[in-house]
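Chemist: Here the protein sequences line up with chains A, B, C, D and E, keeping their order. Reading the first sequence from the start, the letters are residues 4 to 312 in my numbering. Reading the second sequence from the start, the letters are residues 4 to 312 in my numbering. Reading the third sequence from the start, the letters are residues 4 to 312 in my numbering. Reading the fourth sequence from the start, the letters are residues 4 to 312 in my numbering. Reading the fifth sequence from the start, the letters are residues 4 to 312 in my numbering.
Fair warning: there could be bad hints in the mix.
Copies of the same chain are indistinguishable here, so a pair counts whether it falls within one copy or spans any two.
With a cut-off of at most 27 Å between alpha-carbon atoms, the simulated DSSO-like pairs for lysine-lysine come out as follows [unchecked claim]:
#1 Lys-263 - Lys-224
#2 Lys-224 - Lys-36
#3 Lys-303 - Lys-225
#4 Lys-262 - Lys-224
#5 Lys-263 - Lys-225
#6 Lys-224 - Lys-121
Bear in mind the hints are in silico, worked out from the structure with no lab data behind them. Values in this document were obtained by computation on a predicted structure and should not be read as measured data.
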Amino acid sequence: MKATRTVRNILANYEGETPGVKAQLCRMLMQGKLGGTGKMIILPVDQGFEHGPARSFAPNPDAYDPHYHYQLAIDAGLSAYAAPLGPLEAGADTFAGQVPTILKVNSANSLMSDTAGKNQAVTASVDDALRLGCSAIGFTIYPGSDAALDMFEEIVEMRREAAACGLATVIWSYPRGEAITKDGETAIDIAAYAAHIAALLGAHIIKVKLSTDHLMLPEAKKVYEAEGIDISTQAARVADCVKSSFNGRRLIVFSGGSKKGADSVYDDARAIRDGGGNGSIIGRNTFQRERGEALDMLGKLIDIYKGKA
Amino acid sequence: MKATRTVRNILANYEGETPGVKAQLCRMLMQGKLGGTGKMIILPVDQGFEHGPARSFAPNPDAYDPHYHYQLAIDAGLSAYAAPLGPLEAGADTFAGQVPTILKVNSANSLMSDTAGKNQAVTASVDDALRLGCSAIGFTIYPGSDAALDMFEEIVEMRREAAACGLATVIWSYPRGEAITKDGETAIDIAAYAAHIAALLGAHIIKVKLSTDHLMLPEAKKVYEAEGIDISTQAARVADCVKSSFNGRRLIVFSGGSKKGADSVYDDARAIRDGGGNGSIIGRNTFQRERGEALDMLGKLIDIYKGKA
Amino acid sequence: MKATRTVRNILANYEGETPGVKAQLCRMLMQGKLGGTGKMIILPVDQGFEHGPARSFAPNPDAYDPHYHYQLAIDAGLSAYAAPLGPLEAGADTFAGQVPTILKVNSANSLMSDTAGKNQAVTASVDDALRLGCSAIGFTIYPGSDAALDMFEEIVEMRREAAACGLATVIWSYPRGEAITKDGETAIDIAAYAAHIAALLGAHIIKVKLSTDHLMLPEAKKVYEAEGIDISTQAARVADCVKSSFNGRRLIVFSGGSKKGADSVYDDARAIRDGGGNGSIIGRNTFQRERGEALDMLGKLIDIYKGKA
Amino acid sequence: MKATRTVRNILANYEGETPGVKAQLCRMLMQGKLGGTGKMIILPVDQGFEHGPARSFAPNPDAYDPHYHYQLAIDAGLSAYAAPLGPLEAGADTFAGQVPTILKVNSANSLMSDTAGKNQAVTASVDDALRLGCSAIGFTIYPGSDAALDMFEEIVEMRREAAACGLATVIWSYPRGEAITKDGETAIDIAAYAAHIAALLGAHIIKVKLSTDHLMLPEAKKVYEAEGIDISTQAARVADCVKSSFNGRRLIVFSGGSKKGADSVYDDARAIRDGGGNGSIIGRNTFQRERGEALDMLGKLIDIYKGKA
Amino acid sequence: MKATRTVRNILANYEGETPGVKAQLCRMLMQGKLGGTGKMIILPVDQGFEHGPARSFAPNPDAYDPHYHYQLAIDAGLSAYAAPLGPLEAGADTFAGQVPTILKVNSANSLMSDTAGKNQAVTASVDDALRLGCSAIGFTIYPGSDAALDMFEEIVEMRREAAACGLATVIWSYPRGEAITKDGETAIDIAAYAAHIAALLGAHIIKVKLSTDHLMLPEAKKVYEAEGIDISTQAARVADCVKSSFNGRRLIVFSGGSKKGADSVYDDARAIRDGGGNGSIIGRNTFQRERGEALDMLGKLIDIYKGKA
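Isolated chain A (complex conformation):
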């Protein structure tokens, strides 16, 4: 499978990285229906850890079975499938080689008291990722949490180990915790900062949430206003995040959030596309829908990223 010029140009930005990492990035960028376009759609299924099984899977009970998600990602022609250790292991053999997988190596849960702090447990390793034939590891950081410095130190260690083994690293950069207001969690200045931190830490693919036009930090607000940075549309805000990811030298994808109407999902994707983002990580909006409906939605999203919808 020969990489397209678009993909080769993206890979060229990863200077000094091991050929193994570039090969895995190439594999994901050439996979499925968006293969070769420089765009990606990733299916992430770690909501069972975050919210529990009933909230995640009861709306579409077939999704209790880990095989369901592998099959959905394959049939929809997605770029990759991301999940924690247990679910990946449950289908590693059956689906070996059919879709790139991302091992989510840390996870939070809904059974934590406030004093336990905003943090996640490291629940898998680079060795696990290698053993299971994954293309990348995925790791969540919480910029703004009192645990953030520790989380940064964990991921740089794991990233180094992963890259040395030829695995790529995806960082979920989710502002949250003691230094972040509720509105700040989706403020554009914070989102751009979160993307930048992921890039600084060496992420190969950055995952952030779509943002609002709120500005949380007074010092940043001043600059946004003084320099006239456009944050009036979702596409403009996506563009600000792309610029903060080394001026577009790093792949950045955006997450969809909780289940919502299909039109809203499509609008998000058009904004990501128009702002120069590289795609979507979309979970609950697909696997909580009936399979046929989910496949239709994913097909339309692919069309959007191809500029056909």
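Given the coordinates of chain A, work out where chains B, C, D and E should sit on it, guided by the hints.
Modeler: The following block gives chains B, C, D and E in isolation, referenced to the frame of chain A:
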């Protein structure tokens, strides 16, 4: 000993796992009077650590002797015997090879202040398990405790090491601690979540408590009600836990709790069987009874799991 | 030196242990005037660490010199001499091979604030014990302290390393800390629990204090009363601790406490003997007495354990 | 490239250091337009981490691109370019060998609550520096912070590893935290102390801020006054810092702070030069200016250090 | 250089220690003008770390240069020179082999808040000491601090590593912290206890402060009074510390404290000599004096230890 088709089907769910782990799971599933049925009864004796020697063994003083439990598990035809380092060592030579053993590698005790938190000490290692010829390690997690993230990190490390050495991992998933109400410790939404977390962490065998029809988390309650998940009977609740264990792709056994009437013990077993669970871990209800009585009870439980009682 | 049948029977209880550990237990059990009887008297000198030099040695200033204790243990025909790193090193060469030594690998001191917690520092290693030709390591745990889980984890690690090198492990199990009342420190239910924990952790020799007939834990009190466990005499209480040490499968010795009248010391020893205990660890009651007096006392204690006094 | 006598004299002060470290110091001292003079100008770009991307780069949007800074350092003839992992990686291949690079291995950010404390995360390693062909690692310490002892221990470990691999170590010594008043952060007694601590820890190049004539510590104030130490001018204060850096045996450079008028920047440089300092680390004052303007400013600074302006 | 009988007798007390350690002790005991007498004077220069450069060196500005101290120790004929990593490195090559050096491997500073606790940072390693050709490592413990247990664990680890490499260990035992009153820091019962703890931890050379006749601990006070221990003179108190150092089996030196009158310094030395101590560690009283004056003072101290003054 040729594995039955039932057992081979169970083993096939452990995709990508080492042959060593599968061999140990097979050994336990083919052991004793339930051998080959896909059902298990495990004798766990760590109550001396949890509650002290008098509360555990004074009702049946023969049980002060570690040899007593090995012999009970063998004579009753059970699937495995689980205990901490000291007691396993005290009979490791005498009973070598006669019953699969599970080394309980962490333990709590009743001499802890509230500020010490809900946690356990790691009191044995994978090396100990190998040296003592064990089939598996057993580890307790407390989802909901402020120590939970640390406990998750400990068991994923030990599980990885154990699996690499060909040992299986049993996770005791007991919701407890700062984020869990008293009723919540046995609420069905929490029990299913606890089983799911164990599966996500890579448990080969999951151990949870039987649950009530209480729903602790408001967000989960909404979903249980909206989706009409049946939690009205113990068997239905067992089925919810089984579904949350990767739709039955992982072995799940249920614990019996403190000593109670024999009929109640039998009713529990029937519910586990009817809900699709894989069996019982039953300690105090057997070793705190006189030996003859305990053997009778275990015989009847075996009949129940065989569908004969 | 051929081991007696009594000693061989004791060693047979250490199933699955390395020959090295058994050899060291044999060495201590065959040493001195109690050699071969299955009884032991150990001289422990870590009070300088715990209480400072003046309180420990000023009553008998010869005892400031580490050589004094080696010589006392040898001349009295004791089973072993236990001390921290510094004092053992100060006589390791002069007395090499003349008496088994136990390296006390952790220690507390009297210069700690309340907020520093009930804990000890690990002040020596298994490597030190090997280098100094010791027979065993000694380690104190504080069941009931907020540091207890950490202490348990430390000793199981050190015990594993020691056993692999052919060294035995003695656990000083001293209930103390946030979860223990003052009376509870010597309550019989707590003492038996403490002995049991040491056994569970893999101690080869267990050291506990003699206890009173107080029962601290309400749940335990209920069982002691319901089952009619005899705790009316010191001998009965010793027997309860022996039973809690795997029904006598582990060596258990009792400590003497602060200096007191000779008759009281002898009464303690008779109770230990009559309750089935394996002997005494006796420090201040010997080295704070003038040497001649100490030798007389130790001679009489040996006679008591031999059933002659 | 033959080292000048001036440079050889400087290197001679690094007694007992590995030839690899000396070679990297030599490389930086012989690089660019100040090569051979014993003076240095370093371009540091870690403000994106510290203050976020908008505050750092929006005033001169070309600076969002990591290549911009490499090119600026090269075109201006600077001694070295310092940045965190991500940005160095983004240009490591394109600019390989064209300018010495310093990998900033720890970083702070503006998204931390007060309770998170004054600390930084270690976000890169010596291995990363080697892989990326760097000349040195850079590390920030916060003397006066409750995290200071930990930071000291981190850098001495990393410095040892770096030196053994032939990499130099630059320490950013920034007084900050619980023991430092706001005025104290730039007080001359604190600045000199901070420089001295960096020297004691083994820094090869020391980076401190320019200071005021405030004296924070009463004990130090007494000595400054009693001994009549001149702190009336910036040059005199630079000289005090130089003297505190082993009487000039260690290279010391001064940072410029936030963006300000060009004349002020030039005055600072003259004071550094006249006080015997080795140069400037200057970031925002250059990259937040338009490129042509920045090159002019850097050219003038070079002239100042050469004594021509 | 043949060791004197006095020195050989001292070395014989270090039973079971490596020949490497004994060789380094011998080297220091045979060095300089006190060589062979069993007495030592050590020059320690870590005050720049503890109090900052101005308070330490401004009274005698030549002392800002690390070479100054090497030269002073050599010219005065002292036994050894002790300093942190940075200053030792600054002269390691120039003065190689001319005076035994002690690498001070941990250090405190005056920029710490109360909540940071009484602790020190480990700022150098055994590897550093070997690389720099040192004879020993030096380590400060704070008995009575909440950090004391951690400090004890650090030094026993470093001592073990050092001894295995043939380096001696000097322990600065300075009571300080939460459990110690201001008067208690120099109380004789605390000083003797501090010396004893250092000996127990395996120190080859013990450094304590001279003490007052205050008794801090009530339990100790009782014993001092009951046993009639003489603490009325400085010499008597030195003797109590010597006795607490394994009855004189360990070298013990005393520190001089802040700068004071020369007569007072001489009186201290006579008390150390008369009480059986092994010498002085004297820093500020020498390097804060003008060089000629310092050499005179050191000459007189040497005479005192030789019994000539």
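Chemist: Run every hint past the structure and note whether it holds.
Modeler: Hint check results:
1. Lys-263 - Lys-224: So Lys-263 and Lys-224 pass the 27 Å test across copies only (20 Å; inside, 30 Å).
2. Lys-224 - Lys-36: neither (40 Å within a copy, 39 Å between copies)
3. Lys-303 - Lys-225: neither (39 Å within a copy, 31 Å between copies)
4. Lys-262 - Lys-224: between (31 Å within a copy, 18 Å between copies)
5. Lys-263 - Lys-225: The answer is between: 17 Å across copies meets 27 Å, while 34 Å in one copy does not.
6. Lys-224 - Lys-121: So Lys-224 and Lys-121 pass the 27 Å test inside a copy (26 Å) and across (24 Å) alike.
Hints 2, 3 from the earlier list are contradicted by this structure; the remaining hints agree with it.
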